[in-house]
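FYI, in my numbering the residues of the sequence shown are 22 to 370.
If you are wondering where the hints come from, they were derived from the structure by calculation, not from laboratory data. Just so you know, not all the hints are guaranteed correct.
[As the list claims (entries may be wrong)] Subject to a maximum C-alpha distance of 20 Å in a straight line, what follows is the list of computed SDA-like cross-link-like pairs (lysine to any residue):
{"#": "1", "residue 1": "Lys271", "residue 2": "Leu295"}
{"#": "2", "residue 1": "Lys151", "residue 2": "Val331"}
{"#": "3", "residue 1": "Lys74", "residue 2": "Val269"}
{"#": "4", "residue 1": "Lys248", "residue 2": "Ala213"}
{"#": "5", "residue 1": "Lys196", "residue 2": "Glu136"}
{"#": "6", "residue 1": "Lys167", "residue 2": "Thr179"}
{"#": "7", "residue 1": "Lys199", "residue 2": "Val269"}
{"#": "8", "residue 1": "Lys297", "residue 2": "Lys271"}
{"#": "9", "residue 1": "Lys271", "residue 2": "Ser365"}
{"#": "10", "residue 1": "Lys82", "residue 2": "Lys132"}
{"#": "11", "residue 1": "Lys132", "residue 2": "Lys157"}
{"#": "12", "residue 1": "Lys65", "residue 2": "Asp98"}
{"#": "13", "residue 1": "Lys101", "residue 2": "Glu136"}
{"#": "14", "residue 1": "Lys74", "residue 2": "Lys297"}
{"#": "15", "residue 1": "Lys195", "residue 2": "Asp78"}
{"#": "16", "residue 1": "Lys134", "residue 2": "His45"}
{"#": "17", "residue 1": "Lys157", "residue 2": "Lys340"}
{"#": "18", "residue 1": "Lys248", "residue 2": "Thr179"}
{"#": "19", "residue 1": "Lys369", "residue 2": "Asp235"}
{"#": "20", "residue 1": "Lys157", "residue 2": "Arg338"}
{"#": "21", "residue 1": "Lys369", "residue 2": "His277"}
{"#": "22", "residue 1": "Lys195", "residue 2": "Lys132"}
{"#": "23", "residue 1": "Lys86", "residue 2": "Phe154"}
{"#": "24", "residue 1": "Lys86", "residue 2": "Lys151"}
{"#": "25", "residue 1": "Lys74", "residue 2": "Gln64"}
{"#": "26", "residue 1": "Lys216", "residue 2": "Asp235"}
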Amino acid sequence: MKHTAQLIFPHQLFEDTDYLDQDHPVFLVEEFLFFKQYTFHKQKIAFHRATMKFYEDFLQKKGFKVEYIESNSEYSDIRKLISKLEREGFETIRTTDVCDNWLEKRLNETKIKLEILDSPLFINTREDLKEYFENKKSYHQTDFYKQQRITRNILMKTGKPLGGKWTYDTENRKKYPKNRKAPSIHFPVNNAYFKEAKEYTEQYFADNYGSLTDEQLYPATFEEAEKWLVLFFENRFAEFGVYEDSIVEKEHFLHHSVLSPLLNVGLLTAEIVLEKAIAFAEEDDIPVNSLEGFVRQILGWREFVRGVYVYQGTYQRNKNYWNHTNKLPETFYTAQTGIYPIDSSLKKS
């Protein structure tokens, strides 16, 4: 086998490592686009740092040779890393689908052979997406969602949608009861990865927007992510649907799962989350509007938006439909817009 460099980026932290080869080194990269392309919020930086340092330990314990490249290294720019790998004699770069046009473009600039594998970050592979998106002039989320349900036989009964309706969105718009107390959120216990990430962020990203909490907000390991998922199922899933669109001034989560960060870096995968959600709903008699609403967020919206990104991402980024040219006012960063719901939300971050 040729000399191969295996690249892993901040959104490829998968528990299943069968696609990796222990005979070749792994480069775990705090890539520029994830850490320094913009002045990202400190919580985003710390989350990536914590999860990646955990993943470094995870891979090393499984016997992989890992070279960790920090964001302050010149090689955090993938273009410079590739040049370095070329000089060192690597002939092949292996990674999973990066699901990012800019990162993909940078990888394609290399003369090294690229081996791109399907990514478990999404349910649909690029080949799967062709069935709906290829040769279409316009896309409709509802049509895509129906196609996914039928093709994958998800929430279907004898060829028809479970409960008789494709979507229960109209039933999921109730106002949160005035005196109702939202379910408690059981946050992870501060672990060593969070503590190190907090110090790292404050040292190298001190001038970034936002602040870091004293307590760990998001899971940083596979074990924590699995526990977070189960706690959502047990405590918030049943009424996720009915209060999906509710807003309460002093509440951050209500009945939401807060799974997006975990799905977006690979600590959880969409396919497994859907399987477990459906199994739990069947066992615990979760209302169909909550189950369908949850499934739609992942199988419908998340997969649909990814498909649009693959086929029309460049067009959408450059379209500027409203022809806006002004910069976003500083008040949107300082929570002083004078628009109370916006300022309140910004302050929570």
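A quick look at each hint next to the structure:
Between lysine 271 and leucine 295 the alpha-carbon distance is near 30 Å, which puts this suggested pair outside the 20 Å criterion. With a C-alpha separation of about 10 Å, the suggested pair lysine 151 and valine 331 falls inside the 20 Å cut-off, and the hint holds. A distance of roughly 35 Å separates the Cα atoms of lysine 74 and valine 269; the hinted pair therefore is violated under the 20 Å criterion. Proximity of lysine 248 to alanine 213 is assessed by CA-CA distance (about 18 Å); at most 20 Å being required, the pair is judged to hold.
Between lysine 196 and glutamate 136, the direct Cα distance comes to roughly 50 Å. Violation of the 20 Å bound is thereby established for this hinted pair. The suggested pairing of lysine 167 with threonine 179 holds, with an alpha-carbon distance near 15 Å, which does not exceed 20 Å. A threshold of 20 Å between alpha carbons decides the hint, and for lysine 199 with valine 269 the separation of about 9 Å falls inside it, so the pair holds. Of the supplied pair hints, the one linking lysine 297 and lysine 271 is violated, its CA atoms being roughly 31 Å apart against a limit of 20 Å.
Under the criterion of a C-alpha separation no larger than 20 Å, the hint pairing lysine 271 with serine 365 is consistent with the structure, at around 9 Å. Between the alpha carbons of lysine 82 and lysine 132 the distance comes to roughly 32 Å, so the proposed pair goes past 20 Å and is violated. In summary, the hint linking lysine 132 to lysine 157 is not supported, as the alpha carbons are separated by about 33 Å, beyond the 20 Å threshold. With a C-alpha separation of about 18 Å, the suggested pair lysine 65 and aspartate 98 falls inside the 20 Å cut-off, and the hint holds.
In summary, the hint linking lysine 101 to glutamate 136 is supported, as the alpha carbons are separated by about 19 Å, within the 20 Å threshold. The straight-line distance between the Cα atoms of lysine 74 and lysine 297 is roughly 27 Å, outside the 20 Å bound, and the hint therefore fails. Restraint check for lysine 195 and aspartate 78: not satisfied, since their Cα atoms lie roughly 44 Å apart, outside the 20 Å limit. For a cut-off of 20 Å, the pair hint linking lysine 134 to histidine 45 stands: about 15 Å separates their Cα positions.
Distance check on the hinted pair: lysine 157 and lysine 340 sit about 18 Å apart at the alpha-carbon level, within 20 Å; holds. For the given pair, lysine 248 sits about 34 Å from threonine 179 by alpha-carbon distance, which is inconsistent with the 20 Å threshold. Taking the CA atoms of lysine 369 and aspartate 235, the gap is near 14 Å; set against the 20 Å cutoff, the hint holds. Distance check on the hinted pair: lysine 157 and arginine 338 sit about 19 Å apart at the alpha-carbon level, within 20 Å; holds.
For the given pair, lysine 369 sits about 16 Å from histidine 277 by alpha-carbon distance, which is consistent with the 20 Å threshold. Using a Cα cut-off of 20 Å, the hinted pair lysine 195 and lysine 132 is violated, with the two alpha carbons roughly 56 Å apart. Of the pairs offered as hints, the one joining lysine 86 and phenylalanine 154 is violated, with about 39 Å between alpha carbons and a cut-off of 20 Å exceeded. Taken as a hint, the lysine 86 and lysine 151 pair is broken in the structure, with Cα atoms around 37 Å apart against an allowance of 20 Å.
For the given pair, lysine 74 sits about 15 Å from glutamine 64 by alpha-carbon distance, which is consistent with the 20 Å threshold. About 9 Å separates the Cα atoms of lysine 216 and aspartate 235, which keeps this hinted pair within 20 Å; it holds.
Checked against the numbered hints above, the structure breaks hints 1, 3, 5, 8, 10, 11, 14, 15, 18, 22, 23 and 24 and satisfies the rest.
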